[in-house]
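One line per chain: the protein sequences are X and E, in this order. Residues in the first sequence are numbered from 108 upward in steps of one, following my numbering. Residues in the second sequence are numbered from 1289 upward in steps of one, following my numbering.
Possibly wrong hints are sitting among the right ones.
[Stated by the list, open to error] Subject to a maximum C-alpha distance of 27 Å in a straight line, what follows is the list of computed DSS-like cross-link-like pairs (lysine-lysine):
1) X:Lys247 <-> X:Lys208
2) X:Lys287 <-> E:Lys1624
3) E:Lys1624 <-> X:Lys309
4) X:Lys287 <-> E:Lys1658
5) X:Lys253 <-> X:Lys208
6) X:Lys208 <-> X:Lys287
7) X:Lys309 <-> X:Lys208
8) X:Lys317 <-> X:Lys247
9) X:Lys287 <-> X:Lys253
10) X:Lys316 <-> X:Lys208
11) X:Lys309 <-> E:Lys1334
12) X:Lys249 <-> X:Lys208
[Said to hold, decoys possible] Far from chain X, some chain E residues (derived; all Cβ distances over 10 Å):
13) Pro1397
14) Leu1455
15) Arg1566
16) Gly1570
17) Glu1574
18) Asn1585
19) Asp1623
20) Leu1643
21) Gln1647
22) Asn1651
23) His1654
24) Gly1716
[What the hints assert, rightly or not] Quick list of simulated restraints, FRET-style, between CB atoms:
25) E:Gly1552 <-> X:Lys317: 41 to 49 Å
26) X:Ala259 <-> E:Ala1518: 29 to 37 Å
27) E:Gln1557 <-> X:Lys317: 46 to 54 Å
28) E:Glu1612 <-> X:Ser148: 20 to 28 Å
29) E:Gln1557 <-> X:Arg174: 50 to 58 Å
These are computed hints drawn from the structure, not numbers from a lab. Note that the Cβ used here is the ideal one computed from N, Cα and C, for glycine as well.
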Amino acid sequence: MRVLVVEDEDKMAEALRHGLETDHYSVSVAHTGEEAFYLVSTETYDLVILDWLLPGRDGIEVLTRLRQRGVSVPVLLVTARDATEDRVRGLDAGADDYLVKPFAFPELLARIRALLRRGVAETSDRLTVADLEMDVAAHKVKRAGKELALTAREFDLLEYLLRQPGRVVSREMLARDVWKENARYTPLDNVIDVHVARLRRKLDDHCEKKLLRTVRGVGFVLGEDAA
Amino acid sequence: MILRGVRARLTLWYVAPLAGVIALYLTVVSALAFWQMNRVLTHLAKEDLETVKGLLYFRADGRVDLHQEYHHHTEWRQAQERLLEVLGPDGRILYRNERLGARTIDGPPMPGEGDRVYSERSAQMSDGSAVLLVSSRYELQGAPVLIRVAYSEDLIWRRLRETLAILLLALPFALAAIAFIGYKMAARALDPVEQMARRAQQINSENLDERLPVENPDDELGHLAIEFNATLGRIGQSFEQLRRFTSDASHELRTPLAAIRSIGEVGLQQDASPEAYRDTIGSMLEEVNRLTGLVDNLLTLSRADAGHIALQPSVFPVMPLLREAASLLEVLIEDKSLRVELVEEEEVCALADRLYLRQAVVNVLHNAVKFTPVGGAISARVYREANWAVLAIRDSGPGIPPQHASRVFERFYRVDEARSGEKAAGLGLSIAQWAVRANKGEIGLISAAGDGCTFWIRLPAARCRAAA
């Protein structure tokens, strides 16, 4: 998958390149709007990560012109502007998604995955990681063949984690996708932490192999290689 | 300077009407004087006419003449101004005095002229000059004649002009004096204003606690000064709030920054295992998260201050909102083994932006959960009070001493930093306060140290929809 990162700040651009390459994307970087426009016009990309604030021609302008010329590559607009009007403006200009800086990297990865598989519905009813099995339709979870009693919220949380095995999930993602809250705030963070702790107790306490792990400062990950 | 302008204007404002009044006064006085002198002259003319009657005689040639010697006795010098004409019943002129010469006072006798004792009128002589004319019929030595005595109206006009001239000559001086006094008086009246302006000029952000002197609180300038001082007070207050907020904010921002720096520097000092490095980086990221949350909250508040947040009010029942908040925080409540009681005394609906209000309720409830000790109790009630929908949340925490009670909603304010042990910046209640106030509600607390505290939120009540 080829991704173009348009970002004028070197450190940020480098971090994104590095992070995306680690996740097996092939990454090009453009530092200005003109460069981005040239690259998108001459090469094919599967996705463009576009910073709004760029020297010279800004992200919105580049995006508008690209869309006018019929370029339909998915664009993820990244910006420090988080007012609702800004979001609307960005999406109106033709962005497919909008991410506010500073964002958690796992969140960026999740959005990219979502954009790239857009249209491909993922409706698997049976999810498994190691000896953990979930039957979404029947609302049942088994660990090592033994059924776990989970609350509705814990079930949703585990399902969300199971759908992205081995990937770090941030608190922002949980707040938005599991709790359906439009913003992250302190009480909610506490609530999420407590829920994760409880889920971990039910999931891992009686097992040798720990599956649910906290990545300090980033979020949580469910996977076999959890230490 | 503007004040001088005001002074000049004030002066003009009372000099101009005064000049008008004086002009009117002079006109009236002149008219009265004219009328009066006219009367006097008429009176004199009649007397003179009587005198003349006694002096007239027929000469041998049948003409009429006047005994001249009497002139020496006259007491009225203006008798010399006398114009005299004697006419026969057919209009033939029998006598003209020297002063009249070849002129005629008036034409032939008018019908009925002098029939009654005297007839008097203004007339125009043959040379066009205006005279005051008194005439009378008289039997002179058995022959009927018409005697006309006239005085030039110039006499009156001259007198009038002289008097007016004197008065008008004095007028500019009087007006100048009035203007001068007026200007001085205006200056004196406006002096406090100028003083206030000078004082106000010296007040800037550094000495906002200075005030204008209030000399007399009951007069207009006193009101102005009091209002100005009140405005200064309000500005000073918000300025102080802003100053404290800025300093608190930078302090709050600096704390995680300092932590990030120290953790990073210490982490680099020695070789460590990858796990240890992970831990270091994770620790730094935790601080970054804190910083991000802080900046988000500050941004929300500053947008709220600037009025940039558009609310979407709707009517909703309050109790479900409370239940939602409680269920969101349920795990925290369970963790501390708190007993939570939610009471709906009656169904109440509020008109507000539900989303922001939910945030406010969650924040207040979270605050209660945070400060209630393990095993404690929280009780929340929803009821109606006049036109308010009220939500009261009572905790069994340590309570808040009265001196802190009014400040708990201030940004970054913590009642007891050491005891709360919370890492979160004290913005939750500030945001709650903003959300409630923005929805035209009120928020407050009742508390006594050691006896828990009750936070209450009042919102404009609304009629619940039937389906709700």
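Quick rundown of the hints versus the structure:
Taken as a hint, the lysine 247 (chain X) and lysine 208 (chain X) pair is broken in the structure, with Cα atoms around 38 Å apart against an allowance of 27 Å. Restraint check for lysine 287 (chain X) and lysine 1624 (chain E): the C-alpha separation of about 25 Å stays at or below 27 Å, so the hint holds. Between lysine 1624 (chain E) and lysine 309 (chain X) the CA atoms are separated by roughly 19 Å; this keeps the pair inside 27 Å, and the hint holds. Under the criterion of a C-alpha separation no larger than 27 Å, the hint pairing lysine 287 (chain X) with lysine 1658 (chain E) is consistent with the structure, at around 23 Å.
With a C-alpha separation of about 43 Å, the suggested pairing of lysine 253 (chain X) with lysine 208 (chain X) is violated against the 27 Å cut-off. Under the criterion of a C-alpha separation no larger than 27 Å, the hint pairing lysine 208 (chain X) with lysine 287 (chain X) is consistent with the structure, at around 20 Å. Restraint check for lysine 309 (chain X) and lysine 208 (chain X): not satisfied, since their Cα atoms lie roughly 35 Å apart, outside the 27 Å limit. Proposed proximity of lysine 317 (chain X) and lysine 247 (chain X) is supported: the alpha carbons are some 20 Å apart, at most 27 Å.
Taking the CA atoms of lysine 287 (chain X) and lysine 253 (chain X), the gap is about 30 Å. The hint is violated against a cut of 27 Å. Between lysine 316 (chain X) and lysine 208 (chain X) the CA atoms are separated by roughly 36 Å; this puts the pair beyond 27 Å, and the hint is violated. For the hint pairing lysine 309 (chain X) with lysine 1334 (chain E), the CA-to-CA distance comes to about 139 Å; that exceeds 27 Å, so the pair is violated. Among the hinted pairs, lysine 249 (chain X) with lysine 208 (chain X) is inconsistent with the structure: their alpha-carbon atoms are about 39 Å apart, more than 27 Å.
Consistency note on proline 1397 (chain E): stated as away from chain X, and its beta-carbon is indeed over 10 Å from all of that chain's, at 105 Å minimum. With a cut of 10 Å on Cβ distances, leucine 1455 (chain E) stays outside the contact zone with chain X, its closest approach being about 77 Å. Arginine 1566 (chain E), annotated as away from the interface, has a beta carbon of chain X within 10 Å; the closest lies near 7 Å. Taking the minimum C-beta to C-beta distance to chain X, about 3 Å, the non-interface status of glycine 1570 (chain E) is violated against the 10 Å cut.
With a least beta-carbon separation of about 4 Å from chain X, glutamate 1574 (chain E) fails to lie farther than 10 Å from that chain, contradicting its non-interface assignment. At the 10 Å boundary, the C-beta of asparagine 1585 (chain E) falls inside the reach of chain X, the nearest C-beta of that chain being 8 Å off. With a minimum CB-CB distance of about 6 Å to chain X, aspartate 1623 (chain E) fails to clear the 10 Å threshold, and the non-interface call is violated. Non-interface call for leucine 1643 (chain E) relative to chain X: violated, since the shortest CB-CB distance, roughly 7 Å, does not exceed 10 Å.
A Cβ of chain X approaches the Cβ of glutamine 1647 (chain E) within 10 Å, the least distance being about 7 Å, so the stated non-interface status is violated. Separation of asparagine 1651 (chain E) from chain X is inadequate, the least Cβ-Cβ distance of about 7 Å not exceeding the 10 Å criterion. Distance to chain X contradicts histidine 1654 (chain E) as a non-interface residue, since its nearest Cβ pair spans about 4 Å, not more than 10 Å. Residue-level check failed: glycine 1716 (chain E) sits 6 Å from the nearest beta carbon of chain X, not beyond 10 Å.
For the pair glycine 1552 (chain E) and lysine 317 (chain X), the supplied restraint of 41 to 49 Å is violated, since their beta-carbon distance comes to about 28 Å. In this structure the hint that alanine 259 (chain X) and alanine 1518 (chain E) lie 29 to 37 Å apart at CB is violated, the actual value being about 57 Å. A C-beta distance of roughly 31 Å is found between glutamine 1557 (chain E) and lysine 317 (chain X), which places it outside the suggested range of 46 to 54 Å. For the pair glutamate 1612 (chain E) and serine 148 (chain X), the supplied restraint of 20 to 28 Å is violated, since their beta-carbon distance comes to about 50 Å.
Between glutamine 1557 (chain E) and arginine 174 (chain X) the C-beta distance comes to about 51 Å, which sits within the given range of 50 to 58 Å.
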